[in-house]
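> Given the structure of chain P, go ahead and fit chain W onto it with the hints provided.
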Amino acid sequence: MSASHTQTVVAGSEASVLADTPATRNPAHLSWAPFLWFAPAILILFLVTLYPTVFVGWLSFQKTRYYDLTGFVGLTNYVEVFSSPAFWNTVYVSLVYVAGSLAGAVVLGMAAALVLNNAGPTGTVLRVLILFPWTLSMSVVGSIWLWLLNPSFGPIPYLMQLTGIDPGLMLGDPGLALPLIIVVTAWWSFPYVMVMATAAMQSIPKELYEAVEIDGGGPLVKFRYVTLTHILPTLGSTALTLSIMYLTLMTLIIVMTGGGPLGSTTTLSFEAFRGTVQAVNIGPTAVVSIVVLLINVGLGVVYTRLTGRVTG
Amino acid sequence: MIKAAAVLTVFTGVSAASIDRAIAQATEIIYSTFLDPNNANDPRAAAQTKMIQAFESKHPDIKIKLLVDPTGATVTRAVKSRSDTPDVIRVVSFGLAEYAATGNLVPLNDLVKKDGISEDDWLLPLLTGQIDGKLYALPQDFRIPILTYRKSALQEAGVAPPKTWEEVCAAGTKFKQPNVNGFAVPLGATGGIGGAQSLAEFFLSTMLVGSDGRYFAPDGKIAFSKENFVRASTTIKDLFTKCKVTSLRSAQMGINEVHDGLRSGTIAMTNYGLYRFKTLQAQGAGEDLGWAPAPSYTESDKQTVYSYTIALNRQSKKQDAAWTFMKFVISPEAQAIAAEGGEVVSRKSAYTSPYLQSDVAKNQKQWAELVSQRGRAVSYSPILSTFHTILGEAFQRMMLRDESPENAYAEVVKRYDEALTKAQ
Chain P
1 MSASHTQTVV
11 AGSEASVLAD
21 TPATRNPAHL
31 SWAPFLWFAP
41 AILILFLVTL
51 YPTVFVGWLS
61 FQKTRYYDLT
71 GFVGLTNYVE
81 VFSSPAFWNT
91 VYVSLVYVAG
101 SLAGAVVLGM
111 AAALVLNNAG
121 PTGTVLRVLI
131 LFPWTLSMSV
141 VGSIWLWLLN
151 PSFGPIPYLM
161 QLTGIDPGLM
171 LGDPGLALPL
181 IIVVTAWWSF
191 PYVMVMATAA
201 MQSIPKELYE
211 AVEIDGGGPL
221 VKFRYVTLTH
231 ILPTLGSTAL
241 TLSIMYLTLM
251 TLIIVMTGGG
261 PLGSTTTLSF
271 EAFRGTVQAV
281 NIGPTAVVSI
291 VVLLINVGLG
301 VVYTRLTGRV
311 TG
Chain W
1001 MIKAAAVLTV
1011 FTGVSAASID
1021 RAIAQATEII
1031 YSTFLDPNNA
1041 NDPRAAAQTK
1051 MIQAFESKHP
1061 DIKIKLLVDP
1071 TGATVTRAVK
1081 SRSDTPDVIR
1091 VVSFGLAEYA
1101 ATGNLVPLND
1111 LVKKDGISED
1121 DWLLPLLTGQ
1131 IDGKLYALPQ
1141 DFRIPILTYR
1151 KSALQEAGVA
1161 PPKTWEEVCA
1171 AGTKFKQPNV
1181 NGFAVPLGAT
1191 GGIGGAQSLA
1201 EFFLSTMLVG
1211 SDGRYFAPDG
1221 KIAFSKENFV
1231 RASTTIKDLF
1241 TKCKVTSLRS
1251 AQMGINEVHD
1261 GLRSGTIAMT
1271 NYGLYRFKTL
1281 QAQGAGEDLG
1291 WAPAPSYTES
1301 DKQTVYSYTI
1311 ALNRQSKKQD
1321 AAWTFMKFVI
1331 SPEAQAIAAE
1341 GGEVVSRKSA
1351 YTSPYLQSDV
1361 AKNQKQWAEL
1371 VSQRGRAVSY
1381 SPILSTFHTI
1391 LGEAFQRMML
1401 RDESPENAYA
1411 EVVKRYDEAL
1421 TKAQ
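So the protein lines, in turn, are chains P and W.
The first sequence lines up with residues 1 to 312 when you count with this note's numbering.
The second sequence lines up with residues 1001 to 1424 when you count with this note's numbering.
This is chain P alone, in the form it adopts within the complex (with noise of 0.2 Å):
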């Protein structure tokens, strides 16, 4: 009752005070002046966001010689790209590629965490090295790895072969590249992911675990129902900002195999990069930047719900 009350009374001065504005005394001042306010930004978002984005939709329905437009095909270069069994084996890939890159960041990146959260000074030091990866450059990284990997001189391959197992084409062999692929880029983005969970689990109260620990609970226990209770919305929207880079990262799979052996490595951005460089008409590559922009609209979605509910 006094809750309502104060609500009230609340919304009551809200409104006197609104009354005695000039802006609701003049209603065209009203309406104009937030979009005036807003006027550069929306501009500068119109001219980097949405009219690039608004212009790739027009042209997955153009014919092109290069850049310029030749003229409307309708559905066209849709029906010719979904047509493809090679598209539908891009989004395979793609799809493994970002699920097999995301379970291993997020495994990597909690184990981190979890190890160093309650590592004191160490822990710091620790994970200052462990953020090295996430500072290069992905064509650094792939360089890197390209080396590591190599079946001639590469130090892996070396210290495969040192205990008795036969390393293979590595990179060459049609079924290993894409995995290869996945480590390193779970490699080069869990310290993202163990900064992420980090700062998640420094918030949790201490009370919590101490409540646990009078009730008889173990680590596990303290684990499921604490720390992991807790950081879950962290997890996941960090989860959904990596699946959303992965999709659209295509430097380290143009240094490590240029999208082979085979197409082994061809995911839907790289299609994208590719298409743009080599193709004169570039509709249907246009159709493949759709796809992935409707995917990353989707996790988009999602990734806004969940920050919702981090932030209440």
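There may be inaccurate statements among the hints.
What the hints assert, rightly or not - To be clear about the criterion: a stretch of chain P counts as covered by chain W if any three or more of its residues have a C-beta under 8 Å from a C-beta of chain W, and this derived list gives those stretches:
hint, segment
1, 140-152
2, 279-289
Unchecked claim - Quick list of in silico lysine to aspartate or glutamate cross-link-like pairs, EDC-like style, CA-CA up to 20 Å:
hint, chain 1, residue 1, chain 2, residue 2
3, W, Lys1244, P, Asp166
4, P, Lys63, W, Asp1417
5, P, Lys63, W, Glu1418
6, W, Lys1414, P, Glu80
7, W, Lys1302, W, Glu1227
It is worth saying that the hints were derived from the structure and are not from the lab.
Glycine included, every Cβ here is placed at the ideal spot set by N, Cα and C.
What follows is chain W alone, placed relative to chain P:
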């Protein structure tokens, strides 16, 4: 208020005059190149800087600004989107047909005739580089594949540098060292847009062409014969399987992996670009690195050569100044400077320069002779990078999935024809 207006008017006038004077002082030409002037390890970049300085001191009214584009992707986009920059485009001759097809390069035949540029003072006649009767670019250098080898690896195996494919095959059983690839044949897609560029550049652009000199027709259709394709792919497959001179590890190698293999000595020999020879020596191979003419079916077969060329952007708003710069770049004077970077420069008369007469330039002179004697320019596809992708995948399938050369040919022709039809 009046004072403020007067001050503003004077300021605007002075600014406009300064800008006008600055424009009158120098026209800025944007020149696209893959050579980064800040790369102190590349002598070609230093030679490029020196050549540009020489031009600017001769033509103080023209300033050269570099657009460094190592992969060529930026320039490709610029040309395809009808950008007015770069004004002068450095493009590899096998990519020229792709650029010319956009309609955004100026045919140079009339300019060459008007300025009396010699058509014969080149290692290969200037007009052999024409596309459908039009000269779209001028060659700065010539590049012919050479057999690049590690002397110690060949000595240990008791192998002399092979002159024919039969001799390459025969060397297979002699390489006993573990982890040494006797003769690398890179089928991989890394190190260039479109994939399998090394395979095409160092092997197939010669092997597919054969003795009839036909690679692609002016309309972009495949002009090499099925017979040549099957012979070439059988030869390469045999190197992997029957001769056992090529390790399957080559299947994923691109140009950079071959480079690393030659540096580290894990590749005993391969066909490679002469333009990397000096760099390989400097990066660890030293005097152990040797070269010989690339193996072929007979010892006197022609080899396909290509060039780095310069072309004039049709959309450029400074075509006169750009042409002045282009004329300087291919002049014997500028070519003599470019030679100091290790290039096999294109003008014959540049080879009388003191540098090219010195011992340091011994290899360059021999390569120039090789280009003159055994070099041959061919016509390329307007969708060459797509062709390379198709070619690389067909060869990888042949090696990794044991497909036949006939099936590889059928795959290449079918996929290429489809791609060309779509492009047209």
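> Are the hints correct? Go through all of them and say.
Against the structure, the hints:
Check on the segment 140-152 of chain P: 5 of its residues sit with their Cβ under 8 Å from a Cβ of chain W, so the three-residue criterion for coverage holds. Only residues whose beta carbon comes within less than 8 Å of a beta carbon in chain W count, and the segment 279-289 of chain P has 3; three or more means the coverage holds. For the hint linking Lys1244 (chain W) to Asp166 (chain P), the alpha-carbon distance of about 18 Å falls within 20 Å, and the restraint holds. Restraint check: the Cα-Cα separation between Lys63 (chain P) and Asp1417 (chain W) comes to about 19 Å, which is no more than 20 Å; the hinted pair holds.
Distance hint between Lys63 (chain P) and Glu1418 (chain W) is fulfilled; the C-alpha atoms sit about 16 Å from each other, no more than 20 Å. For the proposed pair Lys1414 (chain W) and Glu80 (chain P), the alpha carbon gap of about 17 Å is at most 20 Å, so the pair holds. Of the pairs offered as hints, the one joining Lys1302 (chain W) and Glu1227 (chain W) holds, with about 18 Å between alpha carbons and a cut-off of 20 Å not exceeded.
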